[in-house]
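Engineer: Sequences listed follow chains A and B, in order. Quick note on the numbering used here: the first sequence kicks off at 12 and runs consecutively. Quick note on the numbering used here: the second sequence kicks off at 12 and runs consecutively.
Take the hints with a grain of salt, since some may be wrong.
Stated by the list, open to error - Stretch-level coverage of chain A by chain B, calculated; a stretch enters the list once three of its residues show a Cβ under 8 Å from a Cβ in chain B:
no., stretch
1, 70 to 82
2, 94 to 101
3, 123 to 134
4, 243 to 251
5, 372 to 383
To be verified - With a straight-line cut-off of 25 Å between C-alpha atoms, the simulated SDA-like cross-links for lysine to any residue are:
no., chain 1, residue 1, chain 2, residue 2
6, A, LYS307, B, ASP79
7, B, LYS270, A, ARG273
8, A, LYS307, A, ARG273
9, B, LYS25, A, GLU139
10, A, LYS25, B, PRO138
11, A, LYS277, B, SER106
12, B, LYS25, B, ILE203
13, A, LYS270, B, ALA77
14, A, LYS44, A, LYS307
15, A, LYS306, A, ILE159
16, A, LYS270, B, ASN229
17, A, LYS270, B, ASP50
18, A, LYS201, A, GLU191
19, B, LYS270, A, ALA133
20, B, LYS270, B, MET12
21, B, LYS277, A, GLU110
22, B, LYS126, A, ASN63
23, A, LYS306, A, GLU161
24, A, LYS25, B, GLU139
25, B, LYS361, B, GLY24
26, B, LYS270, A, GLU161
27, A, LYS25, A, GLU139
28, B, LYS25, B, SER149
29, B, LYS270, A, SER106
30, B, LYS312, B, PRO279
31, B, LYS196, B, ALA181
32, A, LYS25, A, HIS75
33, A, LYS306, B, SER80
34, A, LYS307, A, SER260
35, A, LYS277, B, ASP50
36, B, LYS270, A, ALA48
Claimed, not checked - Every beta carbon over 12 Å from chain A, so not counted as near; a handful from chain B, in silico:
no., residue
37, ARG85
38, THR199
39, VAL202
40, PRO206
No wet-lab data here; the hints were simulated from the structure. This one's a predicted model, so the numbers in the text were calculated from it and none came from an experiment. Each residue gets a CB set at the ideal place from its N, CA and C atoms; glycine is no exception.
Protein chains: 2
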Amino acid sequence: MVSIAAANFARFGKREEDIFAISSESALPIVDKYRDAIDFVVVSNSYSGEFNDISGLNNLLTTHLAMDSVPSMRVDNTSGSGGSAVLVAKSLVASGEAENVLVIGAEKMTGYPTKRSTRIIASLLPPEERLGGPSLPSLAAFMTRSYIREFSPSRESIAKVAVKNHHNGALNPYAHFQSEVSLEKVMTSKVIADPLRIFEYCPVSDGAVSLLVTSEENSRSFGSKSARITGAGASSGTSSITARESLVSIDSVRESARKAFRASGKSPGDMDIAELHDMASILEIVESEDVGFFKKGEGWKALETGETSIDGRFPINTSGGLNSKGHPIGASGVAQTAEIYLQLTGQAGKRQVKNAATGFSVSMAGFGNNSTSFVYEVD
Amino acid sequence: MVSIAAANFARFGKREEDIFAISSESALPIVDKYRDAIDFVVVSNSYSGEFNDISGLNNLLTTHLAMDSVPSMRVDNTSGSGGSAVLVAKSLVASGEAENVLVIGAEKMTGYPTKRSTRIIASLLPPEERLGGPSLPSLAAFMTRSYIREFSPSRESIAKVAVKNHHNGALNPYAHFQSEVSLEKVMTSKVIADPLRIFEYCPVSDGAVSLLVTSEENSRSFGSKSARITGAGASSGTSSITARESLVSIDSVRESARKAFRASGKSPGDMDIAELHDMASILEIVESEDVGFFKKGEGWKALETGETSIDGRFPINTSGGLNSKGHPIGASGVAQTAEIYLQLTGQAGKRQVKNAATGFSVSMAGFGNNSTSFVYEVD
Numbered sequence: 012m013v014s015i016a017a018a019n020f021a022r023f024g025k026r027e028e029d030i031f032a033i034s035s036e037s038a039l040p041i042v043d044k045y046r047d048a049i050d051f052v053v054v055s056n057s058y059s060g061e062f063n064d065i066s067g068l069n070n071l072l073t074t075h076l077a078m079d080s081v082p083s084m085r086v087d088n089t090s091g092s093g094g095s096a097v098l099v100a101k102s103l104v105a106s107g108e109a110e111n112v113l114v115i116g117a118e119k120m121t122g123y124p125t126k127r128s129t130r131i132i133a134s135l136l137p138p139e140e141r142l143g144g145p146s147l148p149s150l151a152a153f154m155t156r157s158y159i160r161e162f163s164p165s166r167e168s169i170a171k172v173a174v175k176n177h178h179n180g181a182l183n184p185y186a187h188f189q190s191e192v193s194l195e196k197v198m199t200s201k202v203i204a205d206p207l208r209i210f211e212y213c214p215v216s217d218g219a220v221s222l223l224v225t226s227e228e229n230s231r232s233f234g235s236k237s238a239r240i241t242g243a244g245a246s247s248g249t250s251s252i253t254a255r256e257s258l259v260s261i262d263s264v265r266e267s268a269r270k271a272f273r274a275s276g277k278s279p280g281d282m283d284i285a286e287l288h289d290m291a292s293i294l295e296i297v298e299s300e301d302v303g304f305f306k307k308g309e310g311w312k313a314l315e316t317g318e319t320s321i322d323g324r325f326p327i328n329t330s331g332g333l334n335s336k337g338h339p340i341g342a343s344g345v346a347q348t349a350e351i352y353l354q355l356t357g358q359a360g361k362r363q364v365k366n367a368a369t370g371f372s373v374s375m376a377g378f379g380n381n382s383t384s385f386v387y388e389v390d
Numbered sequence: 012m013v014s015i016a017a018a019n020f021a022r023f024g025k026r027e028e029d030i031f032a033i034s035s036e037s038a039l040p041i042v043d044k045y046r047d048a049i050d051f052v053v054v055s056n057s058y059s060g061e062f063n064d065i066s067g068l069n070n071l072l073t074t075h076l077a078m079d080s081v082p083s084m085r086v087d088n089t090s091g092s093g094g095s096a097v098l099v100a101k102s103l104v105a106s107g108e109a110e111n112v113l114v115i116g117a118e119k120m121t122g123y124p125t126k127r128s129t130r131i132i133a134s135l136l137p138p139e140e141r142l143g144g145p146s147l148p149s150l151a152a153f154m155t156r157s158y159i160r161e162f163s164p165s166r167e168s169i170a171k172v173a174v175k176n177h178h179n180g181a182l183n184p185y186a187h188f189q190s191e192v193s194l195e196k197v198m199t200s201k202v203i204a205d206p207l208r209i210f211e212y213c214p215v216s217d218g219a220v221s222l223l224v225t226s227e228e229n230s231r232s233f234g235s236k237s238a239r240i241t242g243a244g245a246s247s248g249t250s251s252i253t254a255r256e257s258l259v260s261i262d263s264v265r266e267s268a269r270k271a272f273r274a275s276g277k278s279p280g281d282m283d284i285a286e287l288h289d290m291a292s293i294l295e296i297v298e299s300e301d302v303g304f305f306k307k308g309e310g311w312k313a314l315e316t317g318e319t320s321i322d323g324r325f326p327i328n329t330s331g332g333l334n335s336k337g338h339p340i341g342a343s344g345v346a347q348t349a350e351i352y353l354q355l356t357g358q359a360g361k362r363q364v365k366n367a368a369t370g371f372s373v374s375m376a377g378f379g380n381n382s383t384s385f386v387y388e389v390d
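Taking the hints into account, I'd like the entire structure generated from these sequences.
Structural biologist: Structural data, given as structure tokens:
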């Protein structure tokens with residue numbers, strides 16, 4: 012069984028340092044402790060070429076970390092890169108190709124006008140749909156309108172995702188935003204793509220996070236606190252937005268979760284905590300339904316009852332989610348695994364959920380054209 | 012045991028089509044035959060962002076191929092991307108995470124001034140060394156000078172790599188260059204980085220190639236001609252050129268080959284054919300020594316004796332190598348595996364080597380800061 016045996020963050024946010032420094036900040040505590048054991052480095056990163064004029068980031072990083080002989084590669088899946096990188100690390104360990112894999116998720120995106128960042132990220136849309144001018148934020152607005160039309164949630168319940176996740180982020184020393192926001196402030200903030208407002212979107216962030224992915228046996232011999240990955244599932248959905256039957260459900264999220272639960276022998280109801288890909292507020296709600304935590308059309312009610320709050324029955328995005336923790340593209344999926352690991356091993360500090368023994372994460376690419384889900388357990 | 016069960020090329024060269032069309036051209040014959048079986052797509056590509064203004068190429072490709080639910084990811088390791096992608100596919104199959112993986116290696120690089128291409132690719136060099144202005148071609152020239160100083164080969168023997176590989180390329184319908192070149196023409200062609208001349212470098216190419224990576228059992232049940240991957244090895248070396256002890260040996264090539272041979276239980280002397288990463292003529296010679304086919308300093312003699320010619324005792328780069336087949340970055344490593352597969356299964360047409368039952372390939376990143384080696388066998 013493959014386990015996570017260490018996780019460490021470099022704070023997400025606007026960082027002055029370059030991508031090497033941020034990546035190293037996240038990796039060094041793990042490298043210092045496990046240097047002789049690490050035999051593969053998987054770097055989760057999407058846009059080092061576009062944002063940083065760097066290619067082969069993985070090789071430059073092993074050199075930077077003085078791990079010159081350790082093999083490495085870069086894994087990319089846009090916003091879902093982290094899930095793919097963890098899946099590669101898991102497969103390398105499970106197949107015996109490697110024993111102890113250092114996963115580094117990193118992106119350095121700030122320092123450019125938002126328009127340029129948005130344009131770079133929109134390069135993941137099908138060329139024929141890019142011509143029409145949609146960007147990822149506007150697609151989330153379409154989804155919100157469809158969801159409201161179809162299920163009549165209160166508008167406030169959607170905004171409450173941002174309130175909840177900013178509350179959690181304020182408890183997370185690695186989050187981009189570390190202050191609470193009131194419902195009133197969210198609901199009166201600048202409209203980005205009608206009806207969604209600025210506090211309902213993740214910010215553009217720099218950041219990095221590292222994991223040690225290893226076997227359960229190695230983890231035990233290291234004496235590390237560890238969490239097992241008991242199920243993984245990957246799936247795609249069409250990249251074409253216009254070809255989708257529904258805008259209130261994401262095929263790849265649903266299918267990847269189904270595979271991960273089937274592989275683990277667990278069901279959504281068995282989970283204690285979850286990290287979902289809340290690039291926009293509505294996405295947390297839609298995904299919470301698609302993976303099976305709530306019935307379709309009813310996920311928004313959990314925001315009204317407080318069920319998914321950090322002190323609720325089933326906390327979602329205890330890390331602050333992308334919404335408050337930030338979304339350095341290549342780092343985000345790795346950060347989800349890191350958060351579940353920290354929670355399940357009692358290392359989540361002020362945001363610690365008591366007695367959490369099972370967890371779920373879904374790392375989503377683009378606007379849902381690819382997802383990787385994981386189920387985690389500790390004894 | 013993991014096997015290659017199919018390979019198909021889209022011709023390398025200057026192509027008018029976009030990267031989707033070229034990739035599909037290589038993948039469709041495999042997709043048509045194995046559509047229901049393929050459960051993962053691994054795309055080997057480095058520079059779709061920089062050259063084509065496209066991110067998330069893997070997801071756009073599954074949509075383009077009407078494989079909307081099949082999960083995918085992009086694997087990058089600059090010039091060595093293909094080796095990493097095949098390693099990921101092998102690990103996905105060996106770990107049970109996938110059964111039948113379609114690997115698509117693709118790059119679309121032409122249409123820009125060579126200076127711009129060279130600058131983009133130089134973004135893989137350490138930032139502090141980029142300031143000094145070296146490019147990959149100039150590093151190969153340094154290597155050539157060091158090799159000549161240390162081992163006194165005839166200058167012609169180095170140029171003969173280009174003569175041999177152009178001869179092989181002329182037999183390969185998928186090669187960028189399909190005509191022979193005389194030693195005299197090579198030796199009097201334009202100097203690119205003294206002492207290396209233009210025919211000794213790979214061209215800038217577009218191209219794609221696809222593989223089906225599966226289990227031996229599945230391959231048998233498909234009734235496919237197949238070749239087993241009996242050993243794999245990955246290793247890095249420092250990205251810093253100035254930090255290297257020697258410029259006539261490449262640590263990552265040596266170490267990755269050692270690992271692959273150890274894993275397979277075979278030795279270099281057991282191999283019938285090999286594909287090496289001949290971005291420049293000198294590299295074929297240096298690598299042929301580093302992986303253990305010849306003693307250090309003696310690889311050049313094989314070009315004099317004709318030992319590594321297609322009708323010699325031990326043919327190297329029957330495909331034409333990067334030198335003549337071309338070097339669409341993300342495709343090159345996948346193309347090596349494809350060539351060995353075609354040779355070992357008797358599908359190599361005019362360049363077929365008789366009775367080849369074992370093969371070796373090394374896919375190298377950058378100027379050797381990362382390599383992935385494979386040993387292949389058929390019964």
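Engineer: Decide, hint by hint, whether the structure agrees.
Structural biologist: Verification of the hints:
1. With 9 residues having a Cβ less than 8 Å from any Cβ of chain B, the stretch 70 to 82 of chain A passes the three-residue criterion, so the hint holds.
2. By the rule of at least three residues with a Cβ nearer than 8 Å to a Cβ of chain B, the coverage given for the stretch 94 to 101 of chain A holds, with 4 such residues.
3. Residues of the stretch 123 to 134 of chain A with a Cβ under 8 Å from some Cβ of chain B number 3, which satisfies the need for three, so the listed coverage holds.
4. With a cut-off of 8 Å between beta carbons, the stretch 243 to 251 of chain A has 8 residues touching chain B; three or more are needed, and the interface restraint holds.
5. Evaluation of the coverage hint for the stretch 372 to 383 of chain A: fulfilled, as 5 residues show C-beta separations to chain B shorter than 8 Å, against a requirement of three.
6. Taking the CA atoms of LYS307(A) and ASP79(B), the gap is about 22 Å. The hint holds against a cut of 25 Å.
7. Straight-line distance between C-alpha atoms of LYS270(B) and ARG273(A) comes to about 35 Å, which puts the hinted pair past the 25 Å bound.
8. The straight-line distance between the Cα atoms of LYS307(A) and ARG273(A) is roughly 20 Å, inside the 25 Å bound, and the hint therefore holds.
9. Using a Cα cut-off of 25 Å, the hinted pair LYS25(B) and GLU139(A) holds, with the two alpha carbons roughly 24 Å apart.
10. Annotation: proposed proximity of LYS25(A) to PRO138(B) holds, straight-line Cα distance about 22 Å (limit 25 Å).
11. Under the criterion of a C-alpha separation no larger than 25 Å, the hint pairing LYS277(A) with SER106(B) is consistent with the structure, at around 20 Å.
12. Using a Cα cut-off of 25 Å, the hinted pair LYS25(B) and ILE203(B) holds, with the two alpha carbons roughly 20 Å apart.
13. Restraint check for LYS270(A) and ALA77(B): satisfied, since their Cα atoms lie roughly 21 Å apart, inside the 25 Å limit.
14. Restraint check: the Cα-Cα separation between LYS44(A) and LYS307(A) comes to about 45 Å, which exceeds 25 Å; the hinted pair is violated.
15. For the suggested pair LYS306(A) and ILE159(A), the alpha carbons sit about 15 Å apart, so the restraint of at most 25 Å is met.
16. Taking the CA atoms of LYS270(A) and ASN229(B), the gap is about 21 Å. The hint holds against a cut of 25 Å.
17. At most 25 Å may separate the alpha-carbon atoms for a hinted pair to count; LYS270(A) and ASP50(B) meet this at roughly 12 Å.
18. In summary, the hint linking LYS201(A) to GLU191(A) is supported, as the alpha carbons are separated by about 17 Å, within the 25 Å threshold.
19. A distance of roughly 41 Å separates the Cα atoms of LYS270(B) and ALA133(A); the hinted pair therefore is violated under the 25 Å criterion.
20. At most 25 Å may separate the alpha-carbon atoms for a hinted pair to count; LYS270(B) and MET12(B) meet this at roughly 17 Å.
21. Distance restraint check for LYS277(B) and GLU110(A): the Cα-Cα separation of roughly 23 Å lies within the 25 Å cut-off, and the hinted pair is therefore satisfied.
22. Annotation: proposed proximity of LYS126(B) to ASN63(A) holds, straight-line Cα distance about 19 Å (limit 25 Å).
23. A hinted pair counts as satisfied when its Cα atoms are at most 25 Å apart, and LYS306(A) with GLU161(A) qualifies at roughly 14 Å.
24. A distance of roughly 24 Å separates the Cα atoms of LYS25(A) and GLU139(B); the hinted pair therefore holds under the 25 Å criterion.
25. Distance hint between LYS361(B) and GLY24(B) is fulfilled; the C-alpha atoms sit about 19 Å from each other, no more than 25 Å.
26. With a C-alpha separation of about 57 Å, the suggested pairing of LYS270(B) with GLU161(A) is violated against the 25 Å cut-off.
27. Among the hinted pairs, LYS25(A) with GLU139(A) is inconsistent with the structure: their alpha-carbon atoms are about 33 Å apart, more than 25 Å.
28. At most 25 Å may separate the alpha-carbon atoms for a hinted pair to count; LYS25(B) and SER149(B) meet this at roughly 24 Å.
29. About 15 Å separates the Cα atoms of LYS270(B) and SER106(A), which keeps this hinted pair within 25 Å; it holds.
30. Proposed proximity of LYS312(B) and PRO279(B) is supported: the alpha carbons are some 17 Å apart, at most 25 Å.
31. The straight-line distance between the Cα atoms of LYS196(B) and ALA181(B) is roughly 16 Å, inside the 25 Å bound, and the hint therefore holds.
32. Straight-line distance between C-alpha atoms of LYS25(A) and HIS75(A) comes to about 22 Å, which keeps the hinted pair within the 25 Å bound.
33. As the CA atoms of LYS306(A) and SER80(B) are separated by approximately 22 Å, the hinted pair is consistent with the 25 Å bound.
34. Distance hint between LYS307(A) and SER260(A) is fulfilled; the C-alpha atoms sit about 8 Å from each other, no more than 25 Å.
35. As the CA atoms of LYS277(A) and ASP50(B) are separated by approximately 23 Å, the hinted pair is consistent with the 25 Å bound.
36. A C-alpha spacing of about 17 Å is found between LYS270(B) and ALA48(A), which places the hinted pair at or below 25 Å, so the restraint holds.
37. For ARG85(B), the requirement that its beta carbon stay farther than 12 Å from each beta carbon of chain A is not met, with the minimum near 4 Å.
38. The Cβ of THR199(B) lies farther than 12 Å from every Cβ of chain A, with a closest approach of about 34 Å, so its non-interface assignment holds.
39. Non-interface status of VAL202(B) relative to chain A is upheld: no Cβ of that chain comes within 12 Å, the nearest being about 27 Å off.
40. For PRO206(B), the shortest C-beta to C-beta distance to chain A comes to about 27 Å, beyond the 12 Å cut-off, and the non-interface label holds.
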